[in-house]
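2 protein chains.
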Amino acid sequence: MTVSVVRARLLLACALLLAAPVGTAAEPAPATPTALSPASIEHARTLRDQALDGTMAWDMVEALTTEIGPRLAGSEAEARARDWAVSRLRTMGFENVRVEPFTIPGWERGEEHAALLAPFPQPLEITTLGGSVGTPAAGLEAELVSFESLAALRAAAPGSLDGKIAYVSHAMQRTQDGSSYGFYGELRRVGASVAAEKGALALLIRSIGTDSHRFPHTGQMRYAEGVARIPAAALSNPDADQIERVAQRGQPLRVHLALSPQASAEAPSGNVIAEIVGRERPEEIVIIGGHLDSWDLGTGAIDDGAGVAITTAAAKLILDSGKRPRRTIRLILWGAEEVGLLGGYEYLEAHREQLPQHVIGTESDFGAERIWQLTAQVSPAGQAVVDIMSELLAPLGVARGSMDKSGSGPDLVPMVEAGLPSLRLVQNGTDYFDLHHTHDDTLDKIDPAALDQNVAAYVVFTWLAADSTVNFWR
Amino acid sequence: MTVSVVRARLLLACALLLAAPVGTAAEPAPATPTALSPASIEHARTLRDQALDGTMAWDMVEALTTEIGPRLAGSEAEARARDWAVSRLRTMGFENVRVEPFTIPGWERGEEHAALLAPFPQPLEITTLGGSVGTPAAGLEAELVSFESLAALRAAAPGSLDGKIAYVSHAMQRTQDGSSYGFYGELRRVGASVAAEKGALALLIRSIGTDSHRFPHTGQMRYAEGVARIPAAALSNPDADQIERVAQRGQPLRVHLALSPQASAEAPSGNVIAEIVGRERPEEIVIIGGHLDSWDLGTGAIDDGAGVAITTAAAKLILDSGKRPRRTIRLILWGAEEVGLLGGYEYLEAHREQLPQHVIGTESDFGAERIWQLTAQVSPAGQAVVDIMSELLAPLGVARGSMDKSGSGPDLVPMVEAGLPSLRLVQNGTDYFDLHHTHDDTLDKIDPAALDQNVAAYVVFTWLAADSTVNFWR
Chain A
13 MTVSVVRARL LLACALLLAA PVGTAAEPAP ATPTALSPAS IEHARTLRDQ ALDGTMAWDM
73 VEALTTEIGP RLAGSEAEAR ARDWAVSRLR TMGFENVRVE PFTIPGWERG EEHAALLAPF
133 PQPLEITTLG GSVGTPAAGL EAELVSFESL AALRAAAPGS LDGKIAYVSH AMQRTQDGSS
193 YGFYGELRRV GASVAAEKGA LALLIRSIGT DSHRFPHTGQ MRYAEGVARI PAAALSNPDA
253 DQIERVAQRG QPLRVHLALS PQASAEAPSG NVIAEIVGRE RPEEIVIIGG HLDSWDLGTG
313 AIDDGAGVAI TTAAAKLILD SGKRPRRTIR LILWGAEEVG LLGGYEYLEA HREQLPQHVI
373 GTESDFGAER IWQLTAQVSP AGQAVVDIMS ELLAPLGVAR GSMDKSGSGP DLVPMVEAGL
433 PSLRLVQNGT DYFDLHHTHD DTLDKIDPAA LDQNVAAYVV FTWLAADSTV NFWR
Chain B
13 MTVSVVRARL LLACALLLAA PVGTAAEPAP ATPTALSPAS IEHARTLRDQ ALDGTMAWDM
73 VEALTTEIGP RLAGSEAEAR ARDWAVSRLR TMGFENVRVE PFTIPGWERG EEHAALLAPF
133 PQPLEITTLG GSVGTPAAGL EAELVSFESL AALRAAAPGS LDGKIAYVSH AMQRTQDGSS
193 YGFYGELRRV GASVAAEKGA LALLIRSIGT DSHRFPHTGQ MRYAEGVARI PAAALSNPDA
253 DQIERVAQRG QPLRVHLALS PQASAEAPSG NVIAEIVGRE RPEEIVIIGG HLDSWDLGTG
313 AIDDGAGVAI TTAAAKLILD SGKRPRRTIR LILWGAEEVG LLGGYEYLEA HREQLPQHVI
373 GTESDFGAER IWQLTAQVSP AGQAVVDIMS ELLAPLGVAR GSMDKSGSGP DLVPMVEAGL
433 PSLRLVQNGT DYFDLHHTHD DTLDKIDPAA LDQNVAAYVV FTWLAADSTV NFWR
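Residue numbers (our numbering), protein chains in the order written: chain A, 13 to 486; chain B, 13 to 486.
Just chain A, same shape as in the assembly (with noise of 0.2 Å):
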């Protein structure tokens, strides 16, 4: 052992002694190297300061949200987006910038109609749900039997339904994490199949959505095999107090829904790619991003162009540092999320065999305010680099939360149940699910001090998981 590397390890401990808990009854934590120099440590924290100064992310969500606006997964908009974001960073002087492209099925929204006819005639807020069929042209027009949640619609009778629409309520509660939204997100994923199992025309849904604006939310749906397909769409929360105020008339509900969405084999995706190579371990990577796809109803502020802003302006932070770090940090602006986390699922059957040299990865997409939690899924060793980072991201308001389950992010899922190393930088969701998936999530809706803030939490884990060594799987 050298003195150097004695005096390196020396420095280490005195650092993750700085970064232990203080006050818990735990017993300490066994030091463990991590590779990073006091001074390392020093520049995460000039890193961050500077975030809190002001950075680009807000240009960057301005820029895209006004010069392209709704990029739909598949579409030409998403197509013009990867282009804007690929000329975006070569001008900031990104390495191997690039798109890796794949293809998807395409579906497009077209007109959406809906009109409750009796007993008391009047129009409908609806939008159809993501890849769900379309109405014959004319529409349909059928009684309408309503279901308190989905487990009371799955309790139905088979043929119960036949010649009927299915409306499910299910009104979602807010969340601070956002833990709820694969709970009451299960109608809109699940439930067309199950209303058609009884014989149901149709289904409508309550929106997703914590809100009480006559925005209905979007988002996917899938069919089961083997069931017949049939349209779905979602009410506004106004519109689904509505219905149900009707409802409770005790008089039968008439409505007339039509949708005209258009579906086709195959549409152009792609993920957008740029790095900053590691100076010592170069096939060492640690990811960061967002999603470029939005739905197409709003400009994809908050979902996600926020995200792709904060991600980026956090890697052109180090990019403009001078410093380079030990590992390559890949920031990946992923394509065609909103349906289905396509590309992530791409990105894995891409990079298979690459997966292991992947260190660890994050991916902001929980819309743009403040970062108040901090959870982790790494190795002991990894631990010792969260606890560092920890140390960093108290004072912008940042708690430690679980250390065995970190939620990554969506499309980081299929290679964190492969096996990678993540850590989420949570969110404050609570207003989250009031714009998502809805035309109101626009550039107004964004706080730049709080995408800032995003910026210094995210430097902070990028420049600590680039440079430092240690490894993070488990």
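A couple of the hints might just be wrong.
Which copy is meant is left open, because identical chains are indistinguishable; a pair holds if it fits in one copy or across any two.
No farther apart than 25 Å at their CA atoms in a straight line, the calculated lysine to any residue pairs in the SDA-like style are these [as the list claims (entries may be wrong)]:
(1) Lys457 / Arg186
(2) Lys335 / Arg186
(3) Lys457 / His125
(4) Lys176 / Glu79
(5) Lys335 / Thr187
(6) Lys210 / Gln369
Simulated from the structure, these hints should not be mistaken for lab results.
Dock chain B against chain A, hints included.
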């Protein structure tokens, strides 16, 4: 003078003394006979407190917005609303329940689509202004020229907009009393003809609204005589922001606009009237009410289901109290307000000879928030009654405002211009123009407790005005 008259006058003097402002430097107001007995004033107080304990206002607006929904002036839905109101008012026990029918020019919205074609193709959220002509069936496509205000549009040279679409910003700011609606709303009312005079093919405006949601705000517009009639529509505020960000980038904007409203020469409307006939002076009339029609986009909850409900509930409390006031209370649920106060003009036309028998009037048409101010426009003698009202309203958080000009309410404008005394119970309108004339004007925006506070204020006004014998005319 009989003993009983002397006694009554003494009691009135006592009432006035109690009602006089305390602790001001002003000289005591001279005692003016109001003919209001202490028992009458006490009855007003009782009715007020009953209202605060809960009224039928919420049920009324719930039923109107659910069972009828949108009710555009001249439409079949407005006719249904009249039938609904007549039936309800008769069931409640009001006297002389009737419709005073009239006809108006017909107008229906049709389809409305807009898109930015260049430099950044994307859809835009718009709505046609009420009364606008349509575009050619295929829509029109033209360069967009931006103006920062109506004044800037007026200053453009004739012919300078030949073949172009004019866009005017002019972002409305919040006020508590709604007083800036006239100023900002002028763009909507007259802008199309100003743009046409410069050669424009069409007018797009920033919505006259204070929210940042993707709901465009409709509202009536007018064409000037002798000027080409061009189509006019409003962009939602986030879309207006978007257009302005794009324009700042310096490249020419091209826009596609397709509007298909349908006008007709004649459509049915009417005012619904219900009364509590006065016990001593049945020919003298106190008017309260709201308007029954709404724009077609929302369900007309705050505009003006709330006003209908508040004033009906106030009248119903008096009806149910078992005491009849001296004068007749006439509840008018106005028709065709949104399209130019047509119900108000028709009423004046039909009742011009009886105008002097209308002793005072007011209308609730500024949403569903709490009342914070009382303004009046009455004789000095009438002011003595207003003083008593003011005393009873102070505990509800209602302050005295101008005693020279009331603001009355839109449907009373024709009569107030002809001399009718009026009073206004001013609601807090800080958020009113977030929802006004949008899809989002729905029941969920109404707080039942705030409605009841409104009813409490209206019942005080209505009882005291109708039970006094004062001449409010100036």
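Checked hints:
1. For the homomeric pair Lys457 and Arg186, the shortest alpha-carbon distances inside one copy (18 Å) and between copies (19 Å) are both at most 25 Å.
2. For the identical chains of this complex, Lys335 and Arg186 are neighbours neither inside a copy (42 Å) nor across copies (49 Å), given an alpha-carbon limit of 25 Å.
3. In this assembly of identical chains, the alpha carbons of Lys457 and His125 lie at most 25 Å apart only when taken from different copies (24 Å versus 27 Å within one copy).
4. In this homomeric assembly, Lys176 and Glu79 come within 25 Å of each other (Cα to Cα) only across copies, at 22 Å, whereas the closest approach inside a single copy is 43 Å.
5. With identical chains, the CA atoms of Lys335 and Thr187 are never at most 25 Å apart, being 39 Å at best within one copy and 53 Å at best between copies.
6. Taking the shortest Cα distances, Lys210 and Gln369 never come within 25 Å of each other, neither inside one copy (48 Å) nor across copies (66 Å).
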